[in-house]
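**Student:** Chains as they are written, first to last, in our numbering: chain A, -14 to 424; chain B, -14 to 424.
The hints are simulated quantities; they were obtained by calculation from the structure and are not laboratory data.
Be a bit skeptical, because a hint or two may be false.
For identical chains, the list gives no copy identity; a pair is met inside one copy or between any two copies.
Unchecked claim - Within a straight-line C-alpha distance of at most 27 Å, the following computed DSSO-like cross-link-like pairs (lysine-lysine) qualify:
no.	residue 1	residue 2
1	K115	K291
2	K145	K196
3	K76	K145
4	K424	K290
5	K291	K76
6	K290	K(-7)
7	K145	K115
8	K(-7)	K291
9	K76	K424
10	K115	K44
None of the values given here were measured: they were computed from a predicted structure.
Protein chains: 2
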Amino acid sequence: MPTAIHVKRLNSSDPGFTEILLSSLSLPMADDEAIDAAVVQILAQVQAHGDAAVLDYTKQFDRLSVASVTELEISQQALQQAYEGLAADQKTALDVAAQRVRAYHEQQKIETGCHSWEYTEPDGTRLGQKVTALDRVGIYVPGGKAAYPSSVLMNAIPAKVAGVSEVIMVVPTPDGTRNPLVLAAAWLAGVDRVFTIGGAQAVGALAYGTKTIPAVDKIVGPGNAYVAAAKRRVFGTVGIDMIAGPSEILVLCDGSSNPDWIAMDLFSQAEHDELAQSILLCPDASFIERVQASINQLLPEMPRKKVIETSLTNRALLIEVKDMAEACDIANQIAAEHLEICTTDPRQWAEQIRHAGAIFIGNYTSESLGDYCAGPNHVLPTARTARFSSPLGVYDFIKRSSMIEVSEAGAQTLGAVASTLAHGEGLQAHARAAEMRLK
Amino acid sequence: MPTAIHVKRLNSSDPGFTEILLSSLSLPMADDEAIDAAVVQILAQVQAHGDAAVLDYTKQFDRLSVASVTELEISQQALQQAYEGLAADQKTALDVAAQRVRAYHEQQKIETGCHSWEYTEPDGTRLGQKVTALDRVGIYVPGGKAAYPSSVLMNAIPAKVAGVSEVIMVVPTPDGTRNPLVLAAAWLAGVDRVFTIGGAQAVGALAYGTKTIPAVDKIVGPGNAYVAAAKRRVFGTVGIDMIAGPSEILVLCDGSSNPDWIAMDLFSQAEHDELAQSILLCPDASFIERVQASINQLLPEMPRKKVIETSLTNRALLIEVKDMAEACDIANQIAAEHLEICTTDPRQWAEQIRHAGAIFIGNYTSESLGDYCAGPNHVLPTARTARFSSPLGVYDFIKRSSMIEVSEAGAQTLGAVASTLAHGEGLQAHARAAEMRLK
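Could you build all of it, start to finish, from the sequences and the hints given here?
**Tutor:** Here it is in structure tokens:
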């Protein structure tokens, strides 16, 4: 007989509800001093010794012994072969996913202003911004059990759509085991070069460059605690994406959904990781009971039931709320990575949401569709950072330069203003530089 | 008789030129362990004790002793009085600067896609992104000698243009000394609340919130080493802007400019800070000589000549290049914060520039006009980070949420794809969640 698990229940009218909720969301910071110290050492070795250090660490950590880093590069031909060798259904699924992710990000490039612009003032002064793509981007792809081809698509395609000239992927292949789906995804996404290296040594190689591996301008993609620590350390030398926390889903229900669907959506976060968090907000207590029943009924059939059980027991919440309006208020406080709105007329509630990484609207929009093939990016802000940050997008692979061309006439009016303000700040060379341009 | 200073000279044809150049750009990382340890302590105290800790540190560091944090708030009326009390020319200059910065950033809001968007596919599936402004932003403004009203405008105006509901400014006032220009700028920029606190304690108060000071979602603005260390530490709890390094200017000349203007533009970076860096690239050796002569002639008249002399002696470079095309190539390697193009037909060279924080085009566009009143932001990427980052802008005060609404028909086609890919990644709950929506 399967073990029944009991998910923690809260009611928004409980005394101290907000404090309990917020403390349930937070995890202790994973500032592991030992990992950080090891990473500092690895980065220093890679910076000092380049290829030789990369070879040493790859031998040590991935048990992969080769004579030169060039042997760790996978050719475009090998990537294509991996793709050609896929089963027909996998090939089609990857094709559809890549095509849809590309189409969405092409629209995003248009809509989010990834273009240069300029305007001219009456005196001839021209002001604007120039947009350029990053020259070279590194994508970290985890190896081993958490090797996700979908992540290759989600990280590489926006970079290529943005116009990045060279996308360099690193993926560890412990004991030389390569994942054909990951290589096929790299080929489909248009990744330019692939090296089978990983860990902090791969981050260091991308940040500083070696004889064989070119230095990049930004490093994106998920990784373990060593990779995360290395990304934090090289930030400034290169750009990085957000350091992601455990995955989260928040489901808003009015009680009109199929409880099995809701239970499975909660599972689909929980199965990622013991620390993943699944939360349901619902004004209908009897529906919450039905979801709890579905959880117990469906759990035994899940291959990853151990992970799901630990995650749901330790971190999930089923919260009874006053009404859907209150559910939206609480959702804005949580600022979840994934937010599902499973109600009748879900748009009215979507309009109330200000803070979420992605909003999945209506009962047919399972979060897993967004993970793979709806089109929007699955790299999303976690740990309440949706209050101030955005999904990974084309905008992360471009940058802007201000363009300022002051006319001779403009230099007269602006020069007087700048001179006054510069003197007010005690910066007389600034003032003189403006004054020298006055007639 | 004034001391002649000799600025370091390089030629792009020197052996090892690129290595010499790149090593001249870098500064040792200012990772001061003692500062970081002090900051960790201050942040922990503020998080644990709120207002009481803020009062203690303000008494200790700013010699300002009050009974409650409410006494450290400056009223809107006091801000307005500071503005009304300015000399007429200062008031006008600040008005013009605020109006121009606002106009530029309003155009930026339109051009850089700070709007929600959505498209509908043939099967009724709707995809897009929702844009929302951040709820609450904190602006750090340094006190004392480096109190810059222009920085108040440059940080607060883009936030207000973006639609941030509440902008909270902190500015230390050591011994209670308030800078009327800074307060006037806060009033003009529409800052909602001002607290006279500073240092790591102010960063902590904004990040965690206290009884009196509300927690914000992002903290921007320059500060000393303690403020920078505190911002690094609270990143993740709140968003932060870039940690700025010393200011830099790179001037590209073809030899057709007034050498005095060029010398003064080099001074205007050098006067900020002994570590600031000024570089000239020019194919005309005789023009470089004339700039060197202007430097020696103009330096004695500069009130901040000590700072300028140290900066130019230790960090400036006058580089002779083969031609302007090579100058542009080198400029792209340097990726300077400020890039001036002082040539005939400067637009042709501006087109060659891919990496720079701001590009100042033509002899009349002194960098100091951009610092104060041209309109574009003066908060710019330093230390070669213009390779991957942008000027502070309206886009830093908004964030995006993906919007995904899959139709019943869409769930059939996408569900099959997601199921295949999820099984390929070993995530069966993801697959089941998609499969359950299949008819």
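**Student:** Confirm or reject each hint.
**Tutor:** Hints and how they fare:
no. : hint         : result
1   : K115 / K291  : neither (52 Å within a copy, 36 Å between copies)
2   : K145 / K196  : within (25 Å within a copy, 47 Å between copies)
3   : K76 / K145   : within (21 Å within a copy, 48 Å between copies)
4   : K424 / K290  : between (79 Å within a copy, 26 Å between copies)
5   : K291 / K76   : neither (31 Å within a copy, 68 Å between copies)
6   : K290 / K(-7) : within (18 Å within a copy, 67 Å between copies)
7   : K145 / K115  : both (19 Å within a copy, 23 Å between copies)
8   : K(-7) / K291 : within (17 Å within a copy, 66 Å between copies)
9   : K76 / K424   : between (69 Å within a copy, 23 Å between copies)
10  : K115 / K44   : neither (44 Å within a copy, 47 Å between copies)
Hints 1, 5, 10 from the earlier list are contradicted by this structure; the remaining hints agree with it.
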